[in-house]
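One line per chain: the protein sequences are F and U, in this order. Just so we're aligned, residue 1 is where the first sequence starts under the working numbering, counting upward by one. Just so we're aligned, residue 132 is where the second sequence starts under the working numbering, counting upward by one.
The hints are simulated quantities; they were obtained by calculation from the structure and are not laboratory data. One or more hints might be untrue.
Far from chain F, some chain U residues (derived; all Cβ distances over 10 Å) [to be verified]:
1. 157
2. 169
3. 179
4. 212
5. 217
6. 227
7. 245
8. 355
9. 385
10. 406
Taking lysine to aspartate or glutamate pairs in the EDC-like style, the calculated list, with each CA pair at most 20 Å apart, reads [unchecked claim]:
11. F:6 <-> U:146
12. U:401 <-> U:157
13. U:403 <-> U:416
14. F:5 <-> U:146
15. U:401 <-> F:4
16. F:5 <-> U:251
17. F:5 <-> U:227
18. F:23 <-> U:398
19. F:5 <-> U:416
Computed from a predicted structure; not experimentally measured. Where is the CB? At the ideal position from N, CA and C, for every residue including glycine.
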Amino acid sequence: MTLEKKRILIAKPGLDGHDVGAKVIALALRDAGAEVIYTGLRRSPEQIVRIAVDEDVDMLGLSILSGSHKELATSIIARLREEDAGDIKVFVGGTIPEEDFEALRAEGVSGIFTSEMTIESVIAEVDSQLS
Amino acid sequence: MSTDTPLNRRQISRELTRIANASVRDVLDTIGHSEAPAAFRIGITGPPGGGKSTLINALVKDRLKNRSDTRLAVLAIDPSSPVSGGAILGDRIRMDAIADLPGLYLRSLSSRGARNGLCDNIVDLLTLLETHGFDEVVLETVGVGQSEVAVHEVVDTLVVIVPPDAGDSVQTMKSGILEMADIVVVTKADQPGARRMASDLAAVLRKRGDRDVPVLQTEAEGAGVAALNQAINDHRAWLAANHPHALTRENRRRYHLQALIERQVQDALKAKGDITRGTLTASYDRLLAALRVK
Ligand SMILES: Nc1nc2c(ncn2[C@@H]2O[C@H](COP(=O)(O)OP(=O)(O)O)[C@@H](O)[C@H]2O)c(=O)[nH]1
Ligand SMILES: [Mg+2]
């Protein structure tokens, strides 16, 4: 129960309608002991930030398959800081090309998950960042 | 008691997290001196998948219509996994229509192993919300079975929902949670069997206690929801007229004290393995002594 009492929001910003990956991650986090809130599809950055604040999460995982990961992550992190919630760790998962990793990290993204990674390594990374 | 200032969401949500993980002593330090007036509490309970979250979505949307100065909080509890202790908190997915309302605060909670349909510190959380000036709180329980009647103790108006396909589970509910209901709602009234279910329930519930329990039907898209809100307001007025004591903070004190002391006892039993040594009387005295130290 490494993630016991940790609160994690898994959110789907943008327009793509695939949430299988997001649900797999949500279940794996639950099995590691976390309390996982799932937003459902197609949330705006404003909505996601309000949910993250209301739910007081330790981590926000963004599942993005549409290719607009840079814009969405930048906008969400800026809004979190505006709401005095810049300490919430933001992770991005989905189809993220490696050449974007550095830019995302520079924007304040704490971790990047791609479909090539095993679930175990994703959970281990979340665990080390939240403890 | 509403004010025009917007909700301080960051502060409220952080305090809720802190108190949800706090010791009894810390709970008392945080809310133990509060004189805040009691918020009106509405409980929504019924079987898993029965339509509770969907109903809250429509209900709260209607309740906050034309009442922009009202502060309303929704606490939605989902079950924790007995294996990992983790939880998927998914009630929010159904609450799209209210998620952006300025006067609404919505928080998902894990039952954290509690088996009474609530979570162990629910009364602490409700009291904390009162200190932030919420006028009303809607509480969604974990889907309940026959024995999970604790929600009745912590709310003013209890709405028990029954979906049309509830079948056999209605039999167990009849000698359980339905006996506690102030209002009964047959959800998913667009589906076959809803009217039949409603008339069956009305026959069972007729003339019990000093008040008729209304049986209503609702649909996700909002049909019947205005009538439900009216019934909730009527019940509140009825309480105020006939049981004014029921709506006061003092009346809630008993349950709250009991919840706090139960946690103290659990903590003491966990911390001190030697409490159970010797005779029953010796153990009991040792437990009392351990409680007093805190
Ligand atoms: N046909 C129909 N389905 C509904 C209605 N209300 C809820 N549902 C469906 O019932 C399922 C469970 O609803 P939910 O609100 O999550 O139930 P809860 O577990 O009691 O909170 C979902 O798939 C809803 O879409 C309704 O009025 N009509
Ligand atoms: Mg629900």
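Do the hints match the structure? See the list:
1. 157: Residue 157 (chain U) is indeed farther than 10 Å from all Cβ atoms of chain F, at 15 Å.
2. 169: holds (23 Å)
3. 179: holds (16 Å)
4. 212: Violated, because the least Cβ-Cβ distance between residue 212 (chain U) and chain F comes to about 6 Å, which does not exceed 10 Å.
5. 217: Not fine: 4 Å to the nearest Cβ puts residue 217 (chain U) too close to chain F.
6. 227: violated (7 Å)
7. 245: holds (14 Å)
8. 355: holds (25 Å)
9. 385: holds (29 Å)
10. 406: Correct as stated: the minimum Cβ-Cβ distance to chain F is 25 Å, above 10 Å.
11. F:6 <-> U:146: Measuring from Cα to Cα gives roughly 15 Å; hence the hint holds.
12. U:401 <-> U:157: holds (18 Å)
13. U:403 <-> U:416: holds (13 Å)
14. F:5 <-> U:146: holds (15 Å)
15. U:401 <-> F:4: holds (18 Å)
16. F:5 <-> U:251: holds (14 Å)
17. F:5 <-> U:227: violated (26 Å)
18. F:23 <-> U:398: violated (35 Å)
19. F:5 <-> U:416: Measuring from Cα to Cα gives roughly 33 Å; hence the hint is violated.
Checked against the numbered hints given earlier, this structure breaks hints 4, 5, 6, 17, 18, 19; the rest are met.
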